[in-house]
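Colleague: Chain by chain, the residues:
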Amino acid sequence: MSTNHDAHAGGHAASAGHHAHHEESFWRKYVFSIDHKVIGIQYGFTSLVFLFFGFSLMMLMRWQLAYPGEALPVIGSWFSSESMPDGVMLPEFYNQLGAMHGTIMVFLGIVPLAVGAFGNYIMPLQIGAPDMAFPKLNMMSYWIYFCGGVTMLSSFFVPGGAANSGWTSYPPLSDIATTGQTVWLFGMVLLITSSLLGSVNFIVTILQLRTKGLTFMRLPFFVWSQFVTAFLLLLAFPPLEAAGVLQLMDRLAGTSFFLPSGLVVSGQPLVNTGGGSPLLWQHLFWFLAHPEVYVLILPAMGIIAEIIANNTRKPLWGYKSIVYAAIFLGFMSFVVWAHHMFLTGMGTAISSFFQTTTMIISIPSIIILSALFLSLHGGSIRFNTPMLFALAFLPMFGIGGLTGLPLGLAASDIPLHDTYYVIGHFHYVVAPGTIFAMFAGIYYWFPKLTGRKMNETLGKIHFWGSFVCMNFIFFPMLIQGLAGVSRRLYDGGAQYAHAQGVLHLNAVMSMAAWTMAIFQFFFIVNLFLSMKKGEKVDSNPWQATTLDWAATPTPPLPHANFAQIPEVYRGPYEYSVPGHKKDYTPQNQLSEG
Amino acid sequence: MSTHSAHSAHSAHDVKNEVRRYVVVFVALLCLTVITVAISYLNLPTLPAILIALFVACVKGSLVASYFMHLISEKKAIYMALLLTVVLFAVLMSLPLFAHSDPIVLRHVP
Amino acid sequence: MEIPYTITPRPDTGLFNAKAGIWLFLASEVMLFGALFTSYILLRIGADHWPHHELDVPLATLNTAVLITSSITMVMSWASLMEKNFKKYRVYMGLTFLLGVCFLIIKGFEYTHHFSTGETPNKSTFLAIYFTLTGLHGLHVIGGMIVNGYFWGPGSKMWKTQPERFTNRIEVAGLYWHFVDLVWIFLFPVLYLL
Chain A
1 MSTNHDAHAG
11 GHAASAGHHA
21 HHEESFWRKY
31 VFSIDHKVIG
41 IQYGFTSLVF
51 LFFGFSLMML
61 MRWQLAYPGE
71 ALPVIGSWFS
81 SESMPDGVML
91 PEFYNQLGAM
101 HGTIMVFLGI
111 VPLAVGAFGN
121 YIMPLQIGAP
131 DMAFPKLNMM
141 SYWIYFCGGV
151 TMLSSFFVPG
161 GAANSGWTSY
171 PPLSDIATTG
181 QTVWLFGMVL
191 LITSSLLGSV
201 NFIVTILQLR
211 TKGLTFMRLP
221 FFVWSQFVTA
231 FLLLLAFPPL
241 EAAGVLQLMD
251 RLAGTSFFLP
261 SGLVVSGQPL
271 VNTGGGSPLL
281 WQHLFWFLAH
291 PEVYVLILPA
301 MGIIAEIIAN
311 NTRKPLWGYK
321 SIVYAAIFLG
331 FMSFVVWAHH
341 MFLTGMGTAI
351 SSFFQTTTMI
361 ISIPSIIILS
371 ALFLSLHGGS
381 IRFNTPMLFA
391 LAFLPMFGIG
401 GLTGLPLGLA
411 ASDIPLHDTY
421 YVIGHFHYVV
431 APGTIFAMFA
441 GIYYWFPKLT
451 GRKMNETLGK
461 IHFWGSFVCM
471 NFIFFPMLIQ
481 GLAGVSRRLY
491 DGGAQYAHAQ
501 GVLHLNAVMS
511 MAAWTMAIFQ
521 FFFIVNLFLS
531 MKKGEKVDSN
541 PWQATTLDWA
551 ATPTPPLPHA
561 NFAQIPEVYR
571 GPYEYSVPGH
581 KKDYTPQNQL
591 SEG
Chain B
594 MSTHSAHSAH
604 SAHDVKNEVR
614 RYVVVFVALL
624 CLTVITVAIS
634 YLNLPTLPAI
644 LIALFVACVK
654 GSLVASYFMH
664 LISEKKAIYM
674 ALLLTVVLFA
684 VLMSLPLFAH
694 SDPIVLRHVP
Chain C
704 MEIPYTITPR
714 PDTGLFNAKA
724 GIWLFLASEV
734 MLFGALFTSY
744 ILLRIGADHW
754 PHHELDVPLA
764 TLNTAVLITS
774 SITMVMSWAS
784 LMEKNFKKYR
794 VYMGLTFLLG
804 VCFLIIKGFE
814 YTHHFSTGET
824 PNKSTFLAIY
834 FTLTGLHGLH
844 VIGGMIVNGY
854 FWGPGSKMWK
864 TQPERFTNRI
874 EVAGLYWHFV
884 DLVWIFLFPV
894 LYLL
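Chains as they are written, first to last, in my numbering: chain A, 1 to 593; chain B, 594 to 703; chain C, 704 to 897.
Every beta carbon over 12 Å from chain B, so not counted as near; a handful from chain A, in silico:
#	residue
1	ILE34
2	PHE373
3	LEU374
4	GLY579
5	ASP583
Just so you have them, the derived chain B footprint on chain C, three or more residues with Cβ under 8 Å:
#	region
6	767-773
7	776-783
Because the hints were derived from the structure by calculation, they are not lab data. Where is the CB? At the ideal position from N, CA and C, for every residue including glycine.
Build out the structure end to end from the sequences listed, making use of the hints.
Modeller: Right, here's the structure in full:
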């Protein structure tokens with residue numbers, strides 16, 4: 001602990017010389033902070049709240065799917081007669097919940113958590129930077145994201161309710177939808193602006209602020225994953241922003257970018273100039289939204305790589321191949337998007353192209369996953385809570401990835417398209433995949449933020465409960481999907497003859513979802529309890545090699561992180577190096593020991 | 594600005610040279626604008642008209658980027674980022690177009 | 704602790720932070736306008752009739768000249784700072800700002816003319832994409848003018864305290880301004896000439 005004490009003293013000396021830092025006001029310190037660590041925590045809390053909110057929307061939907069047309073006891077009476085009269089959910093409200101669940105989980109929950117929170121807090125520490133390259137821009141990104149979130153939520157209160165054209169907002173439906181869609185578009189424009197500012201900041205920080213000796217091939221994989229992710233956000237989001245502007249024009253200025261000629265709505269010909277192309281929206285949307293999938297998964301892989309290397313006490317197997325795979329993955333993610341559009345009448349030549357690229361992109365994912373699996377081989381594994389989540393990530397993401405292959409081939413996609421199979425596949429990637437990685441990351445880095453460990457018992461209950469429930473929620477979806485149940489049915493398939501055989505699964509999935517909510521309370525309690533009562537630990541409790549653990553005090557110094565900017569002498573994962581006295585050699589350690 | 598190391602490449606003499614270059618680029622841009630407008634009044638067939646106009650625009654654009662934005666004297670990092678952007682820009686322009694021009698052909702059976 | 708490379712370039716990248724940042728931002732702008740140009744192409748292919756020379760070409764040619772001129776005054780204002788001639792900088796930066804105003808006024812004439820003859824965005828896909836592209840470009844011009852106006856007026860105080868950092872800022876503002884010019888260079892033939 002003595003080094004810790006010295007670090008604090010050094011930090012005071014350093015900050016005393018800096019005029020801006022003495023006597024920060026409450027607002028500057030906690031609300032409009034420009035310290036990447038505070039901003040990271042702000043992102044973290046906001047996105048966790050949004051994740052829980054999005055999850056709650058889904059829990060409401062699961063009632064309707066399991067017991068269609070029945071009144072929801074107690075909770076149902078909290079809603080207005082425009083959404084749930086007498087506790088029975090209206091179809092319009094169900095559509096709003098569906099669209100908003102997707103939007104909130106992806107754009108307000110996981111991306112801000114994976115990039116805004118983890119990237120912001122951890123990445124500058126791992127590269128030995130005193131802060132992000134543009135601290136004020138960083139603050140702005142958070143607040144624009146916050147405004148975007150509030151805008152999205154406010155859409156529930158406009159006439160006609162929130163956006164109800166699905167999270168993909170396909171026109172012509174979305175062009176003629178209720179006002180909520182306009183609010184959705186404004187919210188998206190804010191969220192996109194926020195991620196653009198954030199991604200510029202991330203790339204510049206990694207390019208410019210790496211400390212001395214930290215070459216690209218010495219970067220922890222987590223930093224690499226954030227680097228590639230930032231490029232995806234930077235270059236994939238603008239086309240959606242453009243599409244959003246065009247759809248706003250359609251809705252507000254009466255243009256017909258996405259409205260074809262001769263459109264008939266509810267038996268009435270639509271008065272518009274026509275000549276637009278609904279497929280244009282799909283191209284622009286999926287140009288973003290496919291890279292977006294990798295935005296969701298890459299930071300998760302980064303977190304898992306850190307935790308696996310640390311808890312197996314071994315270097316990552318094939319670090320270079322993982323890095324190159326991630327770069328290749330990032331690039332390829334831009335040229336596969338139309339596999340979401342096999343049913344739009346594309347000819348065989350162009351769909352062969354997209355099938356080929358889709359098969360190719362599975363290769364780097366498999367390289368990364370295999371390398372992580374092989375990293376386990378021969379390790380003396382520490383089964384703590386972060387590691388359990390990391391270990392569960394591997395097969396869960398594996399299922400998610402492999403179930404995606406049939407969707408990437410036109411012949412098998414045609415029957416599976418828009419069924420629950422797609423929902424099952426995507427959620428296996430993102431829920432027990434990415435969200436488990438996020439939990440792993442929270443359990444892993446919590447001691448760096450607070451100086452205390454989270455409770456292991458509560459953590460293990462949380463893990464096993466979530467792990468079992470996740471599979472009971474999503475595996476039946478694959479079965480229902482193969483049976484041909486459409487994902488868009490308000491009654492869960494009750495009125496379809498071919499769905500009858502798998503209908504009983506709806507109640508199972510719903511029960512599992514609600515049970516999973518109960519297990520999340522173990523996490524919430526653990527989070528707050530451990531802040532006050534958790535076991536106190538020193539600044540490197542996991543005995544890790546990367547700079548975030550090895551070179552900073554706990555918590556890292558405000559506005560400086562390090563008492564002295566460290567220098568890097570070695571690669572990121574020097575665990576159990578033969579001949580060394582300790583089983584780990586930090587990156588900033590000059591001599592072997 | 595010879596005093597500060599950051600811009601040691603740009604001494605006062607260099608700046609004079611560069612200003613001269615800026616003026617040349619400026620005149621070239623104006624001339625190209627006049628040319629492209631003039632060509633548009635020739636009422637050429639659509640395809641050559643588009644190709645010529647885009648070619649002129651590309652020349653003008655690269656003049657601005659190379660000289661006004663000094664891209665010509667930058668280091669590798671920017672080129673890498675811009676190369677990636679250009680490739681993805683091409684992808685964004687071409688793939689929807691290919692998809693559009695390769696529809697499933699519906700044959701009407703008489 | 705100070706953030707490194709805010710003023711001096713990092714040796715291996717040759718960039719100071721803000722310059723790296725603005726180039727990345729411009730890369731994203733390329734994709735934004737790229738998506739709009741893609742939309743333009745798809746709409747044009749799908750249209751039965753596409754107007755030729757229906758917009759005011761002489762006025763737009765004048766506007767092109769205005770914007771190109773503003774680009775050279777912008778780069779001259781930066782060059783003046785490199786020569787440590789602050790007065791000259793103020794003149795050139797002021798000119799850049801005024802040329803921006805000039806561009807917007809001419810654009811305003813065009814817009815009011817369209818509206819007075821009933822050519823609103825909802826009349827055809829051509830007018831829709833015309834108004835969207837030029838409108839978005841106009842917003843970029845306004846954004847650039849706000850930045851330039853700030854560096855001409857209150858922001859120029861920094862010249863006294865941190866001349867190198869101020870010069871960097873003007874370079875970055877210039878990169879953005881030239882990009883706005885560059886976008887127009889493509890918008891002009893695409894919308895007016897073809």
